[in-house]
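Starting from the known structure of chain A, arrange chain B on it as the hints suggest.
2 protein chains.
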Amino acid sequence: MKVIHYSQEKETRIDNDTVKGVTGRVVIGKADGAPNFCMRVFELDAGGFTPKHQHDWEHEIFFHAGQGEVWQAGRWVPVRTGSVAFIPGNAEHQIRNSGEGKLTFVCLIPAGAPEM
Amino acid sequence: MKVIHYSQEKETRIDNDTVKGVTGRVVIGKADGAPNFCMRVFELDAGGFTPKHQHDWEHEIFFHAGQGEVWQAGRWVPVRTGSVAFIPGNAEHQIRNSGEGKLTFVCLIPAGAPEM
Chain A
1 MKVIHYSQEK ETRIDNDTVK GVTGRVVIGK ADGAPNFCMR VFELDAGGFT
51 PKHQHDWEHE IFFHAGQGEV WQAGRWVPVR TGSVAFIPGN AEHQIRNSGE
101 GKLTFVCLIP AGAPEM
Chain B
1 MKVIHYSQEK ETRIDNDTVK GVTGRVVIGK ADGAPNFCMR VFELDAGGFT
51 PKHQHDWEHE IFFHAGQGEV WQAGRWVPVR TGSVAFIPGN AEHQIRNSGE
101 GKLTFVCLIP AGAPEM
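Protein chains in written order, with our numbering: chain A, 1 to 116; chain B, 1 to 116.
The shape of chain A in the complex, shown without the other chains (with noise of 0.2 angstroms):
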């Protein structure tokens, strides 16, 4: 078993042309024996954004902490504290911070794509 706060985990830093003020941690993944999915906490600084993309495998998204947006179908759906999205393999997908402080949420993915 494994418990530790997020914070802990070795962060990645992203910043550039296509995806801006993010970093990444892997919580819970191979590395820990995890069989079947993995778990990374992301935070998005004011005026962050991930890229603009698809691929096959899903998301399954948790918003834990500030103010965004998710690109759905063309369009952009606000997400808060709580909110909670599913984004289905191939589907286009970006998230963006909207607020003044960090955008924080918890991504999961399958086992076998890429964990960061």
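Source of the hints: derived by calculation from the structure; they are not laboratory data.
Careful, some of the hints might be misleading.
Identical copies look the same in the list; a pair holds intra-copy or inter-copy alike.
[Claimed, not checked] Under the rule of at most 30 angstroms between Cα atoms (straight-line distance), these lysine-lysine pairs were calculated in the DSSO-like manner:
1. 10 <-> 20
2. 20 <-> 102
3. 2 <-> 102
4. 52 <-> 30
5. 2 <-> 30
6. 2 <-> 52
Just chain B, lined up with the frame of chain A:
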């Protein structure tokens, strides 16, 4: 794609000799077309606890709000907002609320395990 607040999902209330003060919701599951794993959100009232039990599937847990403890290998380990727990298959486990407010956590299980 599905975007909701977790509180909008149908709740199941569990209160008996082995489970006390628990409200559970399946927020992403088979009914949504999730193929590989299932997200549930649980709220434990002050003094509430989940059953002490074990089963052959794993849990990946993110603690969203409140203060609690996880039974791990014969002792109680404290958790708080932002804690993460990986409970492998066949590990005995229990979660209890040790705070004065609600303890809210997100708990994921693989497809095939009972969703609630």
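So, going through the hints one by one against the coordinates:
1. 10 <-> 20: Result: close within a single copy only, 19 angstroms intra versus 36 angstroms inter.
2. 20 <-> 102: within (13 angstroms within a copy, 34 angstroms between copies)
3. 2 <-> 102: Both ways: residue 2 and residue 102 sit 26 angstroms apart in one copy and 23 angstroms across, limit 30 angstroms.
4. 52 <-> 30: Answer is both; intra-copy 26 angstroms and inter-copy 26 angstroms each pass.
5. 2 <-> 30: both (13 angstroms within a copy, 27 angstroms between copies)
6. 2 <-> 52: This pair counts as between: shortest inter-copy Cα distance 17 angstroms, intra-copy 33 angstroms.
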